[in-house]
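The numbering of the sequence shown is the numbering used here, which starts it at 1 and goes up by one.
Simulated from the structure, these hints should not be mistaken for lab results.
Hints may be right or wrong, so weigh each one.
Derived lysine to any residue pairs resembling SDA-like cross-links, with alpha carbons at most 20 angstroms apart [said to hold, decoys possible]:
no., residue 1, residue 2
1, Lys19, Thr39
2, Lys19, Glu36
3, Lys19, Phe32
Restraint ranges, calculated between C-beta atoms of paired labels, are given here [what the hints assert, rightly or not]:
no., residue 1, residue 2, range
4, Glu24, Met1, 19 to 29 angstroms
5, Arg17, Gly61, 10 to 20 angstroms
6, Pro85, Glu24, 18 to 28 angstroms
7, Thr52, Ser81, 16 to 26 angstroms
8, Ala13, Glu35, 16 to 26 angstroms
Beta carbons are placed, not taken as given, at the ideal position from N, Cα and C, and that holds for glycine.
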Amino acid sequence: MTHEIATSLDPSAVIARAKTFFAERVPNQAAFPEEEGATFLVLRGQGGQEITLAVIPQEDGRMRVRASTLFFDQSVARFLSTLPPPPPTSRRGAA
Numbered sequence: 001m002t003h004e005i006a007t008s009l010d011p012s013a014v015i016a017r018a019k020t021f022f023a024e025r026v027p028n029q030a031a032f033p034e035e036e037g038a039t040f041l042v043l044r045g046q047g048g049q050e051i052t053l054a055v056i057p058q059e060d061g062r063m064r065v066r067a068s069t070l071f072f073d074q075s076v077a078r079f080l081s082t083l084p085p086p087p088p089t090s091r092r093g094a095a
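Starting from the given sequences, assemble the full structure and let the hints guide the process.
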């Protein structure tokens, strides 16, 4: 399943939070870094299952966080819910 959310955090902050969250906050379904880059993270957990996470900068300054997994759906949704939302965007033409 693929999950997606927008946040105000930069990619390095999202990746740092993910590493801590999946190593410490979900002990019965812990997952640990296997591959990492400036805007992505692959975690490996129980039974060899994985979580892939990508942070994609948007033109409006927001960051789109996309996570995919077959086994850790509930944990991924929980992690994404901890990320701060982006600031509201201004509407064009509003008086």
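Outcome of the hint check:
1. A threshold of 20 angstroms between alpha carbons decides the hint, and for Lys19 with Thr39 the separation of about 13 angstroms falls inside it, so the pair holds.
2. Annotation: proposed proximity of Lys19 to Glu36 holds, straight-line Cα distance about 10 angstroms (limit 20 angstroms).
3. Under the criterion of a C-alpha separation no larger than 20 angstroms, the hint pairing Lys19 with Phe32 is consistent with the structure, at around 7 angstroms.
4. Between Glu24 and Met1 the C-beta distance comes to about 23 angstroms, which sits within the given range of 19 to 29 angstroms.
5. Restraint check, Arg17 to Gly61: a C-beta distance of roughly 19 angstroms satisfies the suggested window 10 to 20 angstroms.
6. One distance hint, 18 to 28 angstroms for the beta-carbon pair Pro85 and Glu24, holds here, with the actual separation near 23 angstroms.
7. The hinted range of 16 to 26 angstroms is satisfied by Thr52 and Ser81, whose Cβ atoms lie roughly 18 angstroms apart.
8. For the pair Ala13 and Glu35, the supplied restraint of 16 to 26 angstroms holds, since their beta-carbon distance comes to about 19 angstroms.
Checked against the numbered hints given earlier, the structure satisfies every one of them.
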